[in-house]
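Chains as they are written, first to last, in my numbering: chain X, 1 to 112; chain C, 1 to 113.
Keep in mind that the hints are not guaranteed to be accurate.
Unchecked claim - Restraint ranges, calculated between C-beta atoms of paired labels, are given here:
| no. | chain 1 | residue 1 | chain 2 | residue 2 | range |
| --- | --- | --- | --- | --- | --- |
| 1 | C | V54 | X | Q17 | 43 to 53 Å |
| 2 | C | K15 | X | E52 | 41 to 51 Å |
| 3 | X | N79 | C | P8 | 31 to 41 Å |
| 4 | C | S69 | X | K13 | 23 to 33 Å |
| 5 | C | P40 | X | K98 | 29 to 39 Å |
| 6 | X | R15 | C | N27 | 14 to 24 Å |
| 7 | X | Q17 | C | K68 | 40 to 50 Å |
| 8 | C | P40 | X | I12 | 14 to 24 Å |
| 9 | X | P61 | C | G17 | 17 to 27 Å |
| 10 | C | D31 | X | N77 | 27 to 37 Å |
Honestly, the hints are just simulated from the structure, not real lab data.
We put the beta carbon where it would ideally sit given N, CA and C, even for glycine.
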Amino acid sequence: DAGVTQSPTHLIKTRGQQVTLRCSPKSGHDTVSWYQQALGQGPQFIFQYYEEEERQRGNFPDRFSGHQFPNYSSELNVNALLLGDSALYLCASSLGRKGTQYFGPGTRLTVL
Amino acid sequence: QQQVKQSPQSLIVQKGGISIINCAYENTAFDYFPWYQQFPGKGPALLIAIRPDVSEKKEGRFTISFNKSAKQFSLHIMDSQPGDSATYFCAARAGAGSYQLTFGKGTKLSVIP
């Protein structure tokens with residue numbers, strides 16, 4: 001039973017560029033949540049997708065957007081990258097919006 | 001009001017000892033309190049979780065104690081082992097339409113032989 005998978009593992013971008021991160025949920029899960037984890041900090045909620053729609057959003061600017069596909073996989077897009085966007089981006093999947101969230105290994109984004 | 005405060009920031013325990021990590025919250029709408037364990041370069045892994053209708057939950061060497069009136073909860077790791085060395089995060093989730101997890105800042109646990 002495959003767990004949550006994320007790609008790529010690492011990514012280096014320059015300021016102003018755009019980036020797309022991908023997440024495949026755990027088998028049987030239909031809900032994907034994205035979190036940003038800065039170095040030495042706890043994860044911070046970005047948004048949650050269910051039934052291909054953004055259902056809840058944290059305190060992040062519109063530069064952060066996402067998408068969920070019919071197979072429940074999801075993408076996180078970040079436009080106009082800033083140095084402060086450097087972080088570990090975590091995807092968590094659950095069965096239903098209220099289900100237990102299981103995290104993937106994350107994508108380490110470095111913005112130069 | 002969404003904040004979860006976690007202490008200590010770091011903890012060093014001898015092998016076989018008890019590790020204790022504490023968290024406090026303000027939002028009384030929180031109804032689910034999980035603990036996650038994170039190793040370097042990995043995503044957080046769910047360790048154990050509790051709801052406020054019980055005061056204690058035990059799974060193996062891990063125990064959550066919950067004090068609803070004080071709005072505090074803690075993780076106890078009995079017989080701590082070097083393999084337990086990791087960063088531990090407490091989290092909280094509000095029910096009623098808000099399903100995001102709000103995390104503490106983490107506690108880096110080092111278990112020395």
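Quick rundown of the hints versus the structure:
no. : hint                         : verdict
1   : V54/C with Q17/X: 43 to 53 Å : 48 Å, holds
2   : K15/C with E52/X: 41 to 51 Å : 49 Å, holds
3   : N79/X with P8/C: 31 to 41 Å  : 38 Å, holds
4   : S69/C with K13/X: 23 to 33 Å : 48 Å, violated
5   : P40/C with K98/X: 29 to 39 Å : 30 Å, holds
6   : R15/X with N27/C: 14 to 24 Å : 36 Å, violated
7   : Q17/X with K68/C: 40 to 50 Å : 47 Å, holds
8   : P40/C with I12/X: 14 to 24 Å : 19 Å, holds
9   : P61/X with G17/C: 17 to 27 Å : 45 Å, violated
10  : D31/C with N77/X: 27 to 37 Å : 32 Å, holds
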